[in-house]
Amino acid sequence: MIEFTLWDILRNLIFATRWTVLLSAVAFAGGAAVGLTILSARISERPRLRRFGSGYIALFQGTPLLMQLFLMFFGLPMLGFRIEPWTAAALGLTFYASAYLAEIWRGGVEALPRGQWDAGASLGLHRIQELRLVILPQAFAITRPAAVGFLVQLIKSTALTSIIGFEELLRTANAINNATFEPFTVYGLVAVIFFVLCYPLTQYARMLERRAPAQ
Amino acid sequence: MVDAGSNAPRCALEEKVATMGYGLSFGWLKDAAGAIAHGAAMTVFLIACTTVLGILISILFAAARRSRYTMLRKAVAVYVEVVRNTPFLVQLFFIYFGLPSLGIRLDPIVAAIVAMTLNMAAYTTEIVGAGLDAVPKGQSEAAFALGLKSRQVFVKIILPQALKVIFPALTSQVIIMMLESAVVSQIAVRELAHEADLLQARTFRSFETYFVVTLIYLGLSMAVRRLFVAGGRRVLGAGVS
Chain A
1 MIEFTLWDIL RNLIFATRWT VLLSAVAFAG GAAVGLTILS ARISERPRLR
51 RFGSGYIALF QGTPLLMQLF LMFFGLPMLG FRIEPWTAAA LGLTFYASAY
101 LAEIWRGGVE ALPRGQWDAG ASLGLHRIQE LRLVILPQAF AITRPAAVGF
151 LVQLIKSTAL TSIIGFEELL RTANAINNAT FEPFTVYGLV AVIFFVLCYP
201 LTQYARMLER RAPAQ
Chain B
1 MVDAGSNAPR CALEEKVATM GYGLSFGWLK DAAGAIAHGA AMTVFLIACT
51 TVLGILISIL FAAARRSRYT MLRKAVAVYV EVVRNTPFLV QLFFIYFGLP
101 SLGIRLDPIV AAIVAMTLNM AAYTTEIVGA GLDAVPKGQS EAAFALGLKS
151 RQVFVKIILP QALKVIFPAL TSQVIIMMLE SAVVSQIAVR ELAHEADLLQ
201 ARTFRSFETY FVVTLIYLGL SMAVRRLFVA GGRRVLGAGV S
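Chains A and B supply the protein sequences, listed in that same order. Residues 1 to 215 in our numbering are what the first sequence lists, from first letter to last. Residues 1 to 241 in our numbering are what the second sequence lists, from first letter to last.
If you are wondering where the hints come from, they were derived from the structure by calculation, not from laboratory data. Cβ atoms here follow ideal geometry from the backbone N, Cα and C, with glycine treated the same way.
Sample of chain B residues at the chain A side, in silico, Cβ under 8 Å:
#	residue
1	E81
2	V82
3	R84
4	V90
5	Q186
6	F211
7	S221
Label-pair ranges, simulated between beta-carbon atoms:
#	chain 1	residue 1	chain 2	residue 2	range
8	A	L22	B	R105	35 to 41 Å
9	A	R132	B	P100	54 to 60 Å
10	A	E84	B	F204	16 to 22 Å
Start from the sequences, fold in the hints, and give me the full structure.
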């Protein structure tokens, strides 16, 4: 029987936190890339693409993330991919993040005055140039507080990947709890670690929000 | 089974079907309908309890946050920050597995309702607070001038107007909470996601099971939105403004 000191528990939890951080970063970057594609469909001039974009967003925002992860975990092997918890977790969270980011940015695009599009067009820009040079930079800037706020939500959501077997913070905590029978301490510490990760970002989002009207 | 090797992998799904004999099958659905309906009913029950309790608590907390007592204001602020910056699943495990070491042992369903209520209230406290701040000051001044007591002013004048403003945000929060409630399957509450776990273990139709249950969640979230829009119009629509 191995004895665990408080420091042993904390050390192992902190060590596992890197997977939580890595997964959050991968999902946010992947989600931004896919989200940009969904956004361009959502604000496209073709009705069919627009419908696809809004359907995609409604689907991911209207179903539980846990179910999305399970579908990824059990569905991808049927398509012939060898699937591991890491891949299922990263892909599942990427698609989830893409829907939310696309919706956040769409809000930014629609908040811009019509004149921005007209000005771009009068300079002879293509639609893609218009988006890249005029519309999207402004849309990203005004939605930054919301995007940072979503990053906090995403970090918290990584805890769900413990259920499909990805070895992040919470899954490690479950294993430690099974060995030590100290759930109060273990889950308390997990909460503290998540708080330390998320709270600065929450404050940062708030700061951005306060500063926004001055711009 | 049959000539698999020579096929170019043009369509991975079809190839798999040809080689493994695996196709989608929904034959199990007929026998499973009862279990799924039971799980959906439990999910609706959980979110109904959470909505009522959560909104009541958040009205109290939003008022406390605007009270004269510094300690009370700080306590509510700490609660809101802690809950909003930690995952719901961790909160649930802390309440269900952690609290018994303090002698607080909760039944899974009670633990789920407590965790969901505390989680949702942290978000709705902010929403309700924003609504209270949005009511013009003249409203309470006018009410006081008519001789109403301060509790009457809050319940009869301020609150209805605040709720009307924040109703769409509250609706979204309830739906988010309902979707997040899928994780209470992890403490063996027999709601929709847990019934799906049990079903797929029995039928080995994991993908189909979660697919069907995901669609049911989608249907539930659309139904809840409709219900709230209709109910809100009826209750808050006329008479207050």
